[in-house]
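Please build the complete structure, drawing on both the sequences and the hints.
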Amino acid sequence: MANLQSLDILRSSASTETPSRIREQPEVAKLIDVSRCIGCKACQAACMEWNDLRPEMEDFTGVYDNPSDLNPSTWTLMRFTEWENEAGNLEWLIRKDGCMHCSDPGCLKACPSPGAIVQYSNGIVDFVSENCIGCGYCVKGCPFNIPRISTADSKAYKCTLCSDRVAVGQAPACAKACPTGAIQFGSKSDMQELAHERIIDLNERGFKQAGLYDPEGVGGTHVMYVLHHADKPQIYANLPDKPHISRLVQLWKGMFKPIALAGLAFTAVAGFFHYVVAGPNEVQPEDEEHGRKALDGKDRA
Amino acid sequence: MELNRRGFMRLSGAALAASSVGALGFGSSGEALASAVRPYKLARTTETRNTCTYCAVACGILIYSLGDGAKNSKATITHIEGDPDHPVNRGTLCPKGAALLDVVHSPTRVKYPMYRAAGESGFKRVSWDFALDRVAKLMKEDRDKNFIAKNAAGTTVNRWTTTGMLAASASSNETAFVTWKVARSFGMVVFDNQARV
Amino acid sequence: MTNTWQDIKNANVIVVMGGNAAEAHPCGFKWAIEAKVHNKAKLVVVDPRFTRTASVADLYAPIRPGTDIAFLLGVIRYLLENDAIQHEYVRAFTNASLIVKESYGFTDGLFSGWSTDKQDYDRASWAYDVGEDGFAKSDPTFQHPNCVMNLLKAHVARYTPEMVSRICGTPKDAFLQVCALFASTSAPDKALTSMYALGWTQHSVGSQNVRAMAMVQLLLGNIGVAGGGMNALRGHSNIQGLTDIGLLSNLMPGYLTLGRDFDTSFEEYMKTRLFKPQRAGQTSYWQNYKKFFVSFQKSVYGAAATAENDWAYDYLPKLDVPGYDILRAFDMMHNGKINGYICQGFNPLQSFPNKKKIRAALGKLKFLVVMDPLETETAKFFENHGDKNPSDPSKISTEVFMLPTSCFAEEDGSLTNSSRWIQWHWKAAEPPGEAKPDIAIMSGIYSRMKAMYAKDGGAFPDPILNLTWNYTNPDSPGPDEIAKEINGRALQEVKDASGAVTLRAGQLLDGFAQLRDDGSTACGCWIYSGMWTERGNIMARRDATDPREQGLAPNWAFAWPANRRIMYNRASADANGKPWNPKKPLIAWNGSKWDGIDVPDFAPTSNPSAGVSPFIMNQDGLGRLFTLAALREGPFPEHYEPMESPVLNSLHPKVSANPMTRVFPGDRADFGTVDKFPFVATTYRLTEHFHYWTKHAKINAILQPEEFIEIGEVLAKEKGIANGDWVRLSSQRGFVIVKACVTKRLKPMTVDGKQTHTIGFPIHWGFTGSAKKGFGANTLTPFVGDANTETPEFKAFLVNVEKTNPPVA
Amino acid sequence: MKTPPGSVSRYTTAARINHWITAACLILLALSGMALFHPSLFFLTGLFGGGAYTRAIHPWFGSVLLVSFGILFIRFVRFNLWNSDDNRWMGKIGRVLANDEENVPEVGRYNAGQKLVFWGMTLLILALFGSGIVIWDVYFAKYTLIGQKRIAAVVHSLAAVGIIGIWIVHVYAALWIKGTISAMMRGSVSAGWSWRHHRKWLRETAGRR
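Chains as they are written, first to last, in the working numbering: chain F, 1 to 301; chain H, 1 to 197; chain B, 1 to 809; chain P, 1 to 209.
Treat the hints with care, as some may be off.
To be verified - Below, a list of computed lysine-lysine pairs in the DSSO-like style, where the Cα atoms sit at most 30 Å apart:
1) B/Lys593 - B/Lys583
2) B/Lys42 - B/Lys747
3) B/Lys395 - H/Lys145
4) B/Lys337 - B/Lys366
5) B/Lys364 - B/Lys450
6) H/Lys140 - B/Lys337
7) H/Lys150 - B/Lys291
8) B/Lys427 - H/Lys145
9) B/Lys364 - H/Lys111
10) H/Lys140 - F/Lys155
11) B/Lys42 - F/Lys232
12) B/Lys388 - B/Lys593
13) B/Lys427 - H/Lys74
14) B/Lys773 - B/Lys676
15) H/Lys145 - B/Lys450
16) H/Lys71 - B/Lys427
17) H/Lys140 - B/Lys366
18) H/Lys124 - H/Lys140
19) B/Lys291 - H/Lys124
20) B/Lys388 - H/Lys111
21) B/Lys754 - B/Lys172
22) B/Lys395 - H/Lys140
23) B/Lys676 - F/Lys208
24) B/Lys388 - H/Lys150
Keep in mind that the hints were calculated from the coordinates and are not lab data.
Below is the structure:
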């Protein structure tokens, strides 16, 4: 995957062609086990360090979420929620936010610039900056509110799942750094199996609703969560319950495009045939006659 | 003007035509894919094994530096990550360890010996010889003046209580040993480390 | 740590109390998570705050800061009441059966021997009843009323669950759930591990906090076994090494101690250090003290240390007080009794209690030398930074030297981790600018002093002139040369009893067993011997293989002593040498010797039938439930309130605080009372930062940019404070203006019938570095020390909080 | 330009400049907009120096168009108010398309078709500008939510298609009705053209002489 030869590309933005899939790569996935995450932000630090990102230092706003939101230089962010469960006990829910690398990526669907967003055959959705035009359509296409546009160069940025590391057989920087193994990286099937084991353990510890977050609505994701309360993903800092690409975006980027173009073409063609059939509407000599008279004020005489 | 008008009509026509063609699925997009993802930034860097400087988990780290040690190149540390072979951290790091690079290259690192004279509001840069000569002179003056060879009961105690020292908590055992030797050979007893805080 | 980091994965129950491992030691804490994931372990967190460790715990119990002893003695009472102790272990390996002197007693908060005049104890009664044979009497049936077990029962009887809840504020049911989980590990094949740090030590009763838990572990049979132990999670990368090498005021390398004024001769000195066994047939390892001492003196003073001059005993300074610890040093400085001070690293202005006093003390110095890779607040203490550091440089006449040092990445050397592994590291780049290694700076100071003393003479120049300094480059000795010096070598040919040569002259030692007390061996630090032998640099070993994946990795680097990975591992097997937990044995008696995956902490061929007990560094060889006179405030832990407390001691209001607390007379006026400062405050680290260093690192400054306090929702509502508001937090020592984090993680507790609030104050900010400027939590902390270690009481003091306007920028 | 003899002045020079600025903007907007609307038209970004420039300049064209069309609107709105003639004219639209204007009611300065183009353009430009601001992320991203931006994006593209359709009709009408283009080119139309298509207007014009 070190280069973007079509061999390794599953999908590319603003392309009407589907690259032929010749080289098979295992689908990869990052599994974030929220139940063993301690919110230490090692992932955030490792991400900044590996990707040479240093966002602006912000103010303390009363919560541990720093920076306060994802931004063009913050590709992953711990989000902290103090949640009191049904029994009245406090649970400190800590979720690592960032690109989910959807199988059906809304950003890619929305992107108008060919090759600015690609999905490799291993499932990673990557932004190719030099093709990015900074229109922000990816922001609108994303069901998870992930991409951010830089004010410095007007390009969209988000987690690359460390495609440069994965390409040489290393885990993403966040997964490697994670001290407690809350972030695991491997083939998607292995990660699903691991998640299954974790869910059994969590069930035994009293989390009856523990489950895997790998939402169908976006075709599954290549970043998955093990949640202790999988029935209520929204308690984890508004993780969408049933995410899907917005109907509006589907309309906008789906059928509307060919229909609109066809409609316009039809209008033009209709004009052409009208001309062919009805012919031009030309001013006749008698019109000129009448006109001149009228102009001279004599037509009503 | 006529020409212009015709020109723009043709252009519009082309646009319409292209639109129709596009709608039918023709189009090009292949060129964009020729570009590459970000090059792997550790290629050809030098890997050095080290230990994280912060807590006493003592995670193994790999320091990557640019420059292969050739005569005309000076190594610059460009990246630090966990040592996967290390039995304790197994490649992982905490948020401090994962950001070690920024402490190595901190803008507030001291680069030159600095001296602040009595009453001054800031430091000025001095030479090592100035600094060490002056420190040694001040120490000797104080030691010679205040060294206690015998206590009131006449027991030999050989202690120096008017100059003290705090030893570091992140320096090596070798530094520690040399420090112990030097400080105790002077008879220093006001001597402690950071174990308690 | 008695055990290794990885060994935590073998635990069945993990208690994090007096620490916050997930935040302060995330990479070590991974092994607690491993225990949960792969060993079905339960994680218990007892902490005043719902920490990030608590966020992954199976059970969280809140506790008021400074009441851990009450909690733990309550646990002991529960274990004894419910017979949830490991009987065989307790009987064979602890001093439960030994009989204490009749004169020992405890009434109204004071142990026997208290003198109101001296404000000190006469500790003679805190001792075993010694029989005619010179050994301690014992009663293995526990019938004797003065056997340790019965004294302990009587001592903890007051700590009922109701009393624990009344003192600690912990809900009774949460306390009992913790007890039940602890009790589950009394089974011989189950282990509880204790992970603690400064949350226990930074109290006026810090040492006794740790002791109380150690007693719990002894009763449960969890010391010396896989997945057990007392694991002090040390905070700094080489604070273990610095302590091992003896950089504490009373120490020499390898836990040898400097003489005191009352050790009037070398003979006197040795007398009190050759600990005689207190039980028949017992090994007391400190009987080898002289070998270690002589070899050390030979290492440091070479030919100048001879049998005739008592191995240069007088070259060493003697102490007139137990120790010149940091609190005493800064109190002396504040009183104008110290003229010069060298900070090799460290940052006292931010790190020590009562910043105002520290700042004033530094201003009384004639000269201050700071050696550090970073600009520290201490080096810049004379600068004016408004309320955050209100100094007036024109009035401060201290000469300050800020000397740049290399950092970890820029030098070779070894560091000792929390589980005593000595690991070598390599230099990756040159230091910036003119920065030098600390070794070169110390050498620079030394060589100048030596030259001046050689030329001009002066006070007692002998130790300076005779100090061994035969390094290849005397201005900047190589770490490898020093490491070999620490390891030790034979100075002349050494022969065994039969006359066979065991060591050639100059040969590096294989370990401390080869040390002699006749001056034929030299060794810089006996416990480190074996780290660089004729086989090479053992600290640089990188073989991570791990037998049975039990978390020892015995061939990775070097662990002192003697490459032993788990301390007291003899106790992992029963009296007959059979492992308590057959699935995770460490060593076992195979009929002729001790064998297993770890180096035995015992004589390798000592047959169990000889009855030698496992704790060979103690004179009785036993784990001590009753600790004799080893600690200053009593042989058993007792609950004492912090120096600043919202309530009087419920058990003995007249002796509310620890009578032996380290307090200097000048500091009493700086203590606040509950009427003016009604809330309990505690200080701590956040995971995003390391002390005052990482505010110099951009990434960490981004991750946690600005100083704040944590305050519960109930108190915030009472005070009209909203999340992110500016507040003024004050104690008798000063005030800070910081932002508030209003949280559900701090809840009011009912203590002695009253609602008590705790406010949390992370420590990491100051006026240098990349993060936003802050005051530093120690602006508020009291100048109070633990009775034994003089560790400041940072974890429990009194404050007030009010909403305020933002500070003027 | 002076009105040649036998011609009727229809647009002042200012009006014509105003119209053509608007027209140019609309065309540039259509080209740049279409480039980002459909991948197969992305090549059109080449006209503007690439995708990023196209994205950046498109809203500025729109801003110019808004101002320019605003002036045009003030200029012409009074002629475009709907009246009973327009209803009658609309009733005879079939005859209009069949070039059989003799049986179509006389109209004034603008017929109903032209008025519909005018009002259609007006409404769609407002819609385009309003929705365009919402998705002009460089300056206005922070003022709206993503859900609102999504609606805006759809509204913008629907309106764009609509306005391009109207534009096609507008241009086609100018080509079809011979003699029309000179109105916007030279400012005047022939008397015959006026008689044929805007008889009432011709009479009014004559009456004012």
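Verification of the supplied hints:
1. B/Lys593 - B/Lys583: Holds. B/Lys593 to B/Lys583 sits at ~20 Å (cutoff 30 Å).
2. B/Lys42 - B/Lys747: holds, 24 Å
3. B/Lys395 - H/Lys145: Within the cut-off at roughly 25 Å; holds.
4. B/Lys337 - B/Lys366: Holds, because 11 Å separates the two Cα atoms, which is no more than 30 Å.
5. B/Lys364 - B/Lys450: holds, 28 Å
6. H/Lys140 - B/Lys337: holds, 17 Å
7. H/Lys150 - B/Lys291: holds, 27 Å
8. B/Lys427 - H/Lys145: With Cα atoms ~41 Å apart, B/Lys427 and H/Lys145 exceed 30 Å; violated.
9. B/Lys364 - H/Lys111: Satisfied, since the Cα-Cα distance of roughly 27 Å is no more than 30 Å.
10. H/Lys140 - F/Lys155: Violated, at about 63 Å.
11. B/Lys42 - F/Lys232: Measuring from Cα to Cα gives roughly 25 Å; hence the hint holds.
12. B/Lys388 - B/Lys593: The given pair, whose Cα atoms are some 63 Å apart, is violated under the 30 Å limit.
13. B/Lys427 - H/Lys74: With a Cα-Cα distance of about 13 Å, the restraint between B/Lys427 and H/Lys74 holds, given a limit of 30 Å.
14. B/Lys773 - B/Lys676: holds, 28 Å
15. H/Lys145 - B/Lys450: Measuring from Cα to Cα gives roughly 17 Å; hence the hint holds.
16. H/Lys71 - B/Lys427: holds, 17 Å
17. H/Lys140 - B/Lys366: holds, 13 Å
18. H/Lys124 - H/Lys140: Between H/Lys124 and H/Lys140 the Cα gap is close to 24 Å, so the pair holds against 30 Å.
19. B/Lys291 - H/Lys124: Given pair B/Lys291, H/Lys124 is violated - Cα atoms ~50 Å apart, limit 30 Å.
20. B/Lys388 - H/Lys111: holds, 26 Å
21. B/Lys754 - B/Lys172: holds, 16 Å
22. B/Lys395 - H/Lys140: holds, 26 Å
23. B/Lys676 - F/Lys208: Not satisfied, since the Cα-Cα distance of roughly 48 Å exceeds 30 Å.
24. B/Lys388 - H/Lys150: violated, 44 Å
Hint violations for this structure: numbers 8, 10, 12, 19, 23 and 24, all remaining hints satisfied.
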